[in-house]
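4 protein chains.
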Amino acid sequence: MVNVAIVGASGFTGLELLKILITHSKFNISYIATSEGGVTVTNLHPSLTDVFETQVHKADAKAIAQKADLAFLALPHRASMGFAKELLALGVKVVDLSADYRLELDTYEKHYCPHEDKAHLKDAVYGLPELYREALKKTSLVANPGCYPTASLLALLPFAPYIDENFPIFIDAKSGVSGAGKKCTSNTHYVSINENIFAYNPLMHRHQPEIIEKLRLKSGKTFDVNFVPHLIPATRGEMIDGYMLLKEEIDPLEILREFYKDEKFVRIFDKPVDIKSCAGTNFCDIFAKREGKKLYVNSSVDNILRGASSQAVVNANLMCGFDEDEAIPFISYAP
Amino acid sequence: MVNVAIVGASGFTGLELLKILITHSKFNISYIATSEGGVTVTNLHPSLTDVFETQVHKADAKAIAQKADLAFLALPHRASMGFAKELLALGVKVVDLSADYRLELDTYEKHYCPHEDKAHLKDAVYGLPELYREALKKTSLVANPGCYPTASLLALLPFAPYIDENFPIFIDAKSGVSGAGKKCTSNTHYVSINENIFAYNPLMHRHQPEIIEKLRLKSGKTFDVNFVPHLIPATRGEMIDGYMLLKEEIDPLEILREFYKDEKFVRIFDKPVDIKSCAGTNFCDIFAKREGKKLYVNSSVDNILRGASSQAVVNANLMCGFDEDEAIPFISYAP
Amino acid sequence: MVNVAIVGASGFTGLELLKILITHSKFNISYIATSEGGVTVTNLHPSLTDVFETQVHKADAKAIAQKADLAFLALPHRASMGFAKELLALGVKVVDLSADYRLELDTYEKHYCPHEDKAHLKDAVYGLPELYREALKKTSLVANPGCYPTASLLALLPFAPYIDENFPIFIDAKSGVSGAGKKCTSNTHYVSINENIFAYNPLMHRHQPEIIEKLRLKSGKTFDVNFVPHLIPATRGEMIDGYMLLKEEIDPLEILREFYKDEKFVRIFDKPVDIKSCAGTNFCDIFAKREGKKLYVNSSVDNILRGASSQAVVNANLMCGFDEDEAIPFISYAP
Amino acid sequence: MVNVAIVGASGFTGLELLKILITHSKFNISYIATSEGGVTVTNLHPSLTDVFETQVHKADAKAIAQKADLAFLALPHRASMGFAKELLALGVKVVDLSADYRLELDTYEKHYCPHEDKAHLKDAVYGLPELYREALKKTSLVANPGCYPTASLLALLPFAPYIDENFPIFIDAKSGVSGAGKKCTSNTHYVSINENIFAYNPLMHRHQPEIIEKLRLKSGKTFDVNFVPHLIPATRGEMIDGYMLLKEEIDPLEILREFYKDEKFVRIFDKPVDIKSCAGTNFCDIFAKREGKKLYVNSSVDNILRGASSQAVVNANLMCGFDEDEAIPFISYAP
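Residue numbers (our numbering), protein chains in the order written: chain A, 444 to 778; chain B, 444 to 778; chain C, 444 to 778; chain D, 444 to 778.
If you are wondering where the hints come from, they were derived from the structure by calculation, not from laboratory data.
Fair warning: there could be bad hints in the mix.
The list treats identical chains as one, so a pair stands whether inside a single copy or across any two.
Said to hold, decoys possible - Okay, derived cross-link-like pairs now, DSSO-like style, lysine-lysine, Cα gap no bigger than 27 Å in a straight line:
#1 K737 x K690
#2 K704 x K732
#3 K737 x K553
#4 K469 x K732
#5 K580 x K505
#6 K707 x K469
#7 K661 x K737
#8 K714 x K505
#9 K469 x K626
#10 K714 x K626
#11 K690 x K661
#12 K736 x K690
#13 K553 x K732
#14 K664 x K690
#15 K553 x K714
#16 K707 x K626
#17 K510 x K736
Input sequences plus hints: build the corresponding full structure.
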């Protein structure tokens, strides 16, 4: 058994981490923290009543290092790198769910803030197992991808050799409200989003540079990705609709099937995907259709599982030499 | 008072026609029909109890001609042209909410079926008041636009002079479930669409040729419009997100404001629109943003009002010489 | 034209007041205030863009008295009586949407706080027009009923002579989220209430004494009313299910029809009511069924219209000698 | 490994049976049938793509007997007893999810139809493990309880000794739409139930006699239970609010905690329950509150799990001598 800590357990991704790790046969949850502490797990998450209960501490790196070999950090950007730096120095492996180690230094500092742990940044591995599986097995620091980049990259990367980079890629994304976090805001008030839909941060979302950078690193090509996310009246789930031009008239489903033929957590559909069929799982579902040289790609993930917590546990499984799918949910919440 | 008939009163657009016409000071509802008849209005629409009640007839053109000067046809495609043909011959003005008179003959027959009323087809006026107001005042036959074309055309047309027609336009559309009709199907079952979203008929929806044709007729340019509609978990409302390339770096909000400066039922917003703010009204709300030569347009309408019934009454107002906004709803259902 | 003020315009009931008064032919909105001021109406309610715009002031009683003859107070309990007292002294009529003048002194102070305007309290008229119409025509101060009491009293009062007061009355109520106010809380976060339902304050809600007191004042009998409200995943609408014992085997629908035979805004249904059919209107819809001596009553209202703002305007119409239904909405938002 | 069949796999309870049995370490799904057959599992349930796939047969008792030792029947009332009778004769154990074996003969025939398998009816064990655990271990035929009776009985039974049977018990129940089945009807159309709530079959639902009979059999007392169910805008989950009078002033939470102290799948809460916290699990969550001699009980279950499929697998586990909680879900879908 490997002892693990969850730091930042109060939010939706914290709850999803708990739900998965409770059933994990090789990870033992030995430490749970929030920024304040002083509560128990079921104070934070009453749905775990009679299922799992323990004290929640005020997050402290030294205490974590005494109790755990690996820590999941579900913290806000910036706060995360402070913790990660200290934990890594104390020999604790880190899966960081924030943006702090996802980007190259320049890109990060342009879109977020000055980086405070440049030393580790260059060793962090981007936690998309389909792309970086071997490196993930050897690293001590995983930068868990954002939810939008996960769904976007898995849908776009198979087509990187065929996309015409002289033309922009447009991504119209839709996210359930859990993606906006547990904090109550005017956007997350029930009355604001029920019976509604709206775009936010059009063409300027922080996930846009993450998608562009990873596409470039993997394909060697710089694509002009333009990203417009929407909030939809659903709790969980996320859909990506991508529009682009191709250099040649390929068979997109054949390319997808070939690219992911050995992958357990990517499913290829021959009709448009929905968000309910993969809700509750680590699957990324993908469909694509070509019309002349125009390509439409369409993917979906559970934003707080494949887009956060279940992917984080996959990464931890790889880091610790366990089966990649140990405790990873694969049966959807549908209906 | 002008006597009007509603033919096809059982569906959602039939109900919206009733709701508007009940409050209209110059139209008198003198005849209501469905394909079967034999019921009353409140059998069909219990929400109108104690508000409006009358017998619903089995639709019959001769009876309509005796009772009404103008008929709203809320019938399925194909069924509509049979009725319209007969009514026009009997001297009844027609506002047809189906697709039967929306398209040029070739386009119609390619995407629907053989046309059975070619004589009137060439005289039909496309019922988008912002574009065809003067013609609407003189016609006896209005082809009421589809909901998606209404929102798409109003958002795209101001930019027609500036859009680079060498590149495709991509439209990612989202519609509330009322757009799928009152008939129960596996897609409209609550469990199917609640907590869900999915695309349907990607790149092959019948509204795609309607958008292309009207853009061409108004601008003289043939745009390659590619349309992907989605069903979202909301009852009413529809959003259009359009992505395209420009020939020059324009100020999109300024262009929108200038284009619609005299229009009462188009509102320009300086941030992304939502669907709730115009639900219950005849407004089309539009936002746009440019990034280099990339243009993002974003519009919303109430799909069964501006996308169907309130626009139909605007058209009828114009045909009869009434104020365009007589009885037209302008206060939204929000919150 | 009578000039009216809206004090507390930022919330849901403030918006509903605006929506009604904008279309009122005899009330002119001459002053709008919130506790902070310094914004415009469309800052608060973007859905009113291009419909109605004016400056919103920081609430000030003297300024109101200069500008308006009647004021609607959509303020929190306690804050309201301070304002009302001052306005009444300045000769301004008041429709108070808070609880401050709804209850007799003892009841109020037991369930709320010490009363600061006892002088006016005894002259306030409870604004349920079906019960107090004549008094409302002559008063300067209306205590607009709570949403739950409105639906409960209209359903229960016709049966007061027949209910066995030796047995408790149980009311199981359900409210849309707008009833919980515009402020974001953990209960109003979309994720908390979407796909959920829960009771709150069971058997101890503040509307319980309001129902008991009004039943007693009108019927002379003291009923043991027990109230359990629930929050449901809907924006607007409220349903009451009441369970009680009768002294004799009456025909409940006949009693309801007789009791409300001259009332325009109460509808009697012969099957269970829903909340959608009266959403957007001032109707209270009622159904009842008897089984032996057990009586089930079932009513619904739009919680922010009949349960607040449209009822407030009915009361203002009565106070000013206008037609009771002037500008009052009667066509539902369905579908 | 015990081979099991699922007969009636196309509906929501069929899907839930599949989801549980796929992960069961001791049951092997050896046969799946619907009334029509000729499809595969993922044709019926696309969310199982890449998870579980096999041919679905046209239901045939002899084929089942060759392939399986135990059959889950998720069939309509009446159809089920025909199958069960034949399967039992062929030595196949049966867990019947229909109403066919839930009631005593007289009660069944009064509320349903003539019974066609009286021989087995008297041996059927009612599948509420908390009440009939020992009998379930020895039987070949389990009548799986209805969803409403499960939640009602678990909430009421602990109080049976204390409830005053001279007064009625009123149950106000709320169910998610999955309870209305997968068939599209006007009630299950998204537009009908979204933003809505309504009672159906008030005081005459078929689950009312089931609750009364089981209360009588377990407590020896005949209670006058009056049941009013509602449909709410949620996919899964069910809540019971019960109102009654007591003979003495008990401590309801203490009684609940004592009654269920050894039960793994009943949770007692000290504040009102919701439906989301137990969605996705086999838990029944219960709260109760007393005011004088009035008792309010409040329970919730996942209607298609504890109210159907997971309880069915618990029963099958007991029948086969496995651990009662083998493969039974206990981690909720929240958030």
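Here is how each hint holds up against the structure:
1. K737 x K690: Classified as both; 9 Å inside a copy, 20 Å across copies.
2. K704 x K732: within (19 Å within a copy, 40 Å between copies)
3. K737 x K553: Close across copies (22 Å), not inside one copy (32 Å); limit 27 Å.
4. K469 x K732: neither (41 Å within a copy, 42 Å between copies)
5. K580 x K505: Within one copy, since 25 Å is at most 27 Å while 52 Å is not.
6. K707 x K469: For K707 and K469, both the intra-copy (20 Å) and inter-copy (24 Å) Cα distances are at most 27 Å.
7. K661 x K737: Both: 22 Å inside a copy, 25 Å across copies.
8. K714 x K505: neither (51 Å within a copy, 37 Å between copies)
9. K469 x K626: neither (32 Å within a copy, 43 Å between copies)
10. K714 x K626: Between copies only: 23 Å across, 36 Å inside.
11. K690 x K661: Only inside one copy: K690 and K661 sit 19 Å apart there, 32 Å across copies, limit 27 Å.
12. K736 x K690: Both, since 7 Å and 21 Å are each at most 27 Å.
13. K553 x K732: between (35 Å within a copy, 22 Å between copies)
14. K664 x K690: both (14 Å within a copy, 25 Å between copies)
15. K553 x K714: between (39 Å within a copy, 24 Å between copies)
16. K707 x K626: So K707 and K626 fail the 27 Å test inside a copy (34 Å) and across (33 Å) alike.
17. K510 x K736: neither (55 Å within a copy, 51 Å between copies)
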